[in-house]
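As a plain string of letters, each chain reads:
Protein chains: 4
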Amino acid sequence: MIIVLKSGASDREIDEVARRVRALGYSPHVIRGEVRTVIGAVGDERGKEDLLSLENLECVETVQRILQPFKLASREIKREPTVVRVNGVAIGGTKVAVMAGPCSVESREQVLEVASKVKAAGASVLRGGAFKPRTSPYAFQGLEAEGLKLLAEAKRETGLPVVTEVMEPEKVELVAEYADILQIGARNIQNFSLLKRVAESRRPVLLKRGMATSIQEWLLSAEYILSGGNPNVILCERGIRTFETTTRFTLDLNAIPVLKRLTHLPVLVDPSHGTGHWEYVEAMARAGVAAGADGLLVEVHPRPAEALSDGPQSLKPERFAELMSRLRRVALAVDRDL
Amino acid sequence: MIIVLKSGASDREIDEVARRVRALGYSPHVIRGEVRTVIGAVGDERGKEDLLSLENLECVETVQRILQPFKLASREIKREPTVVRVNGVAIGGTKVAVMAGPCSVESREQVLEVASKVKAAGASVLRGGAFKPRTSPYAFQGLEAEGLKLLAEAKRETGLPVVTEVMEPEKVELVAEYADILQIGARNIQNFSLLKRVAESRRPVLLKRGMATSIQEWLLSAEYILSGGNPNVILCERGIRTFETTTRFTLDLNAIPVLKRLTHLPVLVDPSHGTGHWEYVEAMARAGVAAGADGLLVEVHPRPAEALSDGPQSLKPERFAELMSRLRRVALAVDRDL
Amino acid sequence: MIIVLKSGASDREIDEVARRVRALGYSPHVIRGEVRTVIGAVGDERGKEDLLSLENLECVETVQRILQPFKLASREIKREPTVVRVNGVAIGGTKVAVMAGPCSVESREQVLEVASKVKAAGASVLRGGAFKPRTSPYAFQGLEAEGLKLLAEAKRETGLPVVTEVMEPEKVELVAEYADILQIGARNIQNFSLLKRVAESRRPVLLKRGMATSIQEWLLSAEYILSGGNPNVILCERGIRTFETTTRFTLDLNAIPVLKRLTHLPVLVDPSHGTGHWEYVEAMARAGVAAGADGLLVEVHPRPAEALSDGPQSLKPERFAELMSRLRRVALAVDRDL
Amino acid sequence: MIIVLKSGASDREIDEVARRVRALGYSPHVIRGEVRTVIGAVGDERGKEDLLSLENLECVETVQRILQPFKLASREIKREPTVVRVNGVAIGGTKVAVMAGPCSVESREQVLEVASKVKAAGASVLRGGAFKPRTSPYAFQGLEAEGLKLLAEAKRETGLPVVTEVMEPEKVELVAEYADILQIGARNIQNFSLLKRVAESRRPVLLKRGMATSIQEWLLSAEYILSGGNPNVILCERGIRTFETTTRFTLDLNAIPVLKRLTHLPVLVDPSHGTGHWEYVEAMARAGVAAGADGLLVEVHPRPAEALSDGPQSLKPERFAELMSRLRRVALAVDRDL
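Sequence lines, in order, name chains A, B, C and D. Counting from 1, one number per residue, gives the positions in the first sequence under the numbering used here. Counting from 339, one number per residue, gives the positions in the second sequence under the numbering used here. Counting from 677, one number per residue, gives the positions in the third sequence under the numbering used here. Counting from 1015, one number per residue, gives the positions in the fourth sequence under the numbering used here.
Hints in this document: simulated from the structure, not taken from any laboratory. The hints are all genuine.
Computed footprint of chain B on chain D; a stretch qualifies when at least three of its residues, placed anywhere within it, have a C-beta under 8 Å from a C-beta of chain B:
1) 1226 to 1232
2) 1253 to 1264
3) 1340 to 1350
From the three backbone atoms N, C-alpha and C, an ideal C-beta is built for every residue, glycine too.
Just chain A, same shape as in the assembly (with noise of 0.2 Å):
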């Protein structure tokens, strides 16, 4: 880290956070500058903060990092992109790995239904909420356990692997019987009592970026899993709150190149949540793709309208199965499959 002093530091102060640097177990390296000194202290601080207390200290202005905070996500540590593998479907692979499904499973007819026409169309992985995390006590929790086993039959009927959402520690042993792949949520990015317990289960694990979530933040979450023991752990942005309101959330696909260029592990893209609204799905789909993104999650309902929750973003299995096929043009021409 980079320690600033303020102007007019005296060589004692100086003295004095140099002890302080090296009673921590770093070596610090000291700059005089024409208008400050600042203090370099080096040593592996990835993972570490005590130097930041420092900044309580009457002579610093500012304690400011140099390396990264993650370790186990970094693409320092590990070179070549991870890929997680699901029931035969390869997730960081050239093929772009497309998940649909309804928001919320609602009933064994809807699941069915959109099951098969989002397996008919090319989807690789089946999405739907059993537990549902609602902004609002009054509105539809999801069917929770029969959600569950509605969605497994979903699988053997289709042989698509499952995707669904576990909501608290104590729920992801029951949760992990059924899904493929654990989801958290967006409004759990930072439970991190539900990190270490997803990290214990071995299950592969897709973390979706919370609406205030620094990429930095993120990798931080991933590593919680990956220092657990869960190496399959596959990134999803998701949109990002911000000052604009045409759409629900900003979706972010700075995201991913930053991402590539800092983690091995896999990105996906949910243009339903970021968008909020169906007629903007496409368009941003095509974008994540053409962006990099190694898969899209995408919300297909049949009735959208009547959906007990997320309709206004919700797809009709036709509009998916179009989407399909200008992705896979998309795809072609970044070298990539569908």
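Start from chain A and add chains B, C and D according to the hints.
Relative to chain A, chains B, C and D alone:
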């Protein structure tokens, strides 16, 4: 809600939307404007979302809410302010309640020293973290159960009731054995499983705003606790995430008058997390009281430069004592006491 | 607009609001709901704000807009897309228009070298700054009039039309002597005096979105130019300000499908300013084209590490040539050409 | 600045970066860490950007600033607070200066009535807009030159000095004939041509923060005026744009203690624009004073529900008088007067 149709919507389409509105239990009220037709859906929309899915119809432009979606948290339901009472301390009354203590409980000496000093300076509740939500898996994660016991000891010695964070549903019972107030941290504001469990505990809850939580969403999270049968909810503004980087977060004091208009629940302010820097704590603490806050949450550490977490934003006990004497003057100037 | 009254509004108050609505030239339409009364004010509210001031009445909770406030920019007024033609280049047609060149014009050699190289790679317009809006007064402020002459020389040599920024009303005439397209920079998006002056010039205008400009405000700025008699407006998304700091701004590609729905004006994307880093330019350029952009603005410099401005985000000419060949494939995959 | 190299940078690359640092006039200081090499570039980097372009070198990860980029605005250059004196009113001294009046000058009667009433209540400067920056071209654009004359008449009648906005360089001379303080509005914070012109006028300048302007950029805009030879700059916080929509903007009071640390310039707060709603003005005005603001800007209108602009956020004169008497108590509680 107000359903705005696209310009050029046909009579048949208008009738179809009206039919669906009726089917969902609302009474449609069609207004044909010069440019567009809008349909008012009359009925109690609070806590309901079914009308929103109509946005998926081709002829619908947008669906806009008219009513706030929360009920029990609303001042329309309960006019008089809620006062939460904890061991003789009233939160939400005339007296501004100050909760102070270290970010993390680090040792017996540390917590006992801080507790006696903040009590002497006039604090009425002791804060301190035993379970710590840390961005990095490599950072100090708290003393956990041992930390709870040290807080209990500090309470016995000083008489100060204790507020401490609980991070997962399974731990609510354990934490409630020691804590007088259960804190839900910013990162768990939409951890709905946790909200349901603290509702059941009946223990007063300090509900911190998330870093990207709108005021409406925040009150819906409070609604989870209230509708779960626990009326003792205290809100705490702690800074939102914006583009500005000179402060760690942007403490949003505007939330105070907005909340005073919308809800009867007491509102606290946390200038330590809100600014992330000890030099800004006093100004923002004074501003919070002047804006009408019912209390403050302030981090105090005997040796901040050696703190295991949040050193940059912690006050030394002497500074805290000065802060309290200056705050008292501001409190009196707005007809409160401290 | 929809005027939402506070709960408990009396009949007398409702009548008074209705009277004022009528006095402002709208026809009031009262809907008495279970909890609140709302009054629809029927009439053409576009471009009007008089009803908004009713929010100051004690009995009024909020006043909500129903219609978009712009007219000439709207697709409701003009269904078919606008194509802006500049020296034989069509912007908004099937072919994706690429405008490339240095951030600042620095010297004759630099601008001529870049111009011939971007032309060879397939760019159709030369960009380059002569008047530069710089955050710091101590930074290089551009070659000004001398820079305009160099751009004109580059145009003569290559045949490429020129887009360059104009920063103040008094300079519009001078810049229009040399530029084929007048650029309004992000910092001047709400410099209304400047907008009025470029409207009068009748020269095509490239209107960049401001870093905190909502899409609605952006289209209202376009409306200043359109209603001033200049129909040749090209919009350019160049990144908005969010909390994320790994990119200089957050390029908001969601704006493309949103704008395609709301307006008939062509939409460009600037991945150089949007990301602030050359390594991210290609991914975001591809994504922009895939999302439906009508063109791109790309910074190219022969020796970026020595650039007087925006070096970190500039491409070397060789990389730009590679980018163009990859972009062509993406353009074809979405039924465009390049 | 600190130049962080990519891990694995070779000795040859390190030497090359050091050579370039030297060529730009800085002295390079190489620190080889365990994971990365960083190079400190020692020299006065304030106001310079040349080193930043080194980020384009393949071996460079990032270039980080150490010093604040402004000079004349800095407290390191001038320790004692600047007091701006206008017609006997001191801004930046012990007394909190309150500038009040209508958003727009609408008529002779309106401005004279407001002027006499705000004076009676204790305001020390009259505010009022003659040239109005309006988001929509169809909205009332101000009385322009006629409005300036009415402000001058109000000044003659009440003795209050006048602050009013100037929107374009060509109008600076005209506005300066009538105004005691030139206001630069939020939308013109980076209208550098305008900043240079008001610098030349030598008239005191009220510089409002833009809605997405970082504090560092704001002080660089002040630096344009200071370095242009005009030392009389007053800063005014007026709300930034965030995701929260219950207030029109998010008034960022954190800026007050941050600015008091970084600069010697006086700081005002505008709670009317900051919140956009009259019911929130008083709480935020009190909070601003408690946080250490040197003054306030408050909108007052005799009949806000009929105002031609900003009606929702304007106070009636009676409410303003009450606000003043309550504010006085807060001012005294923080050792100021009003």
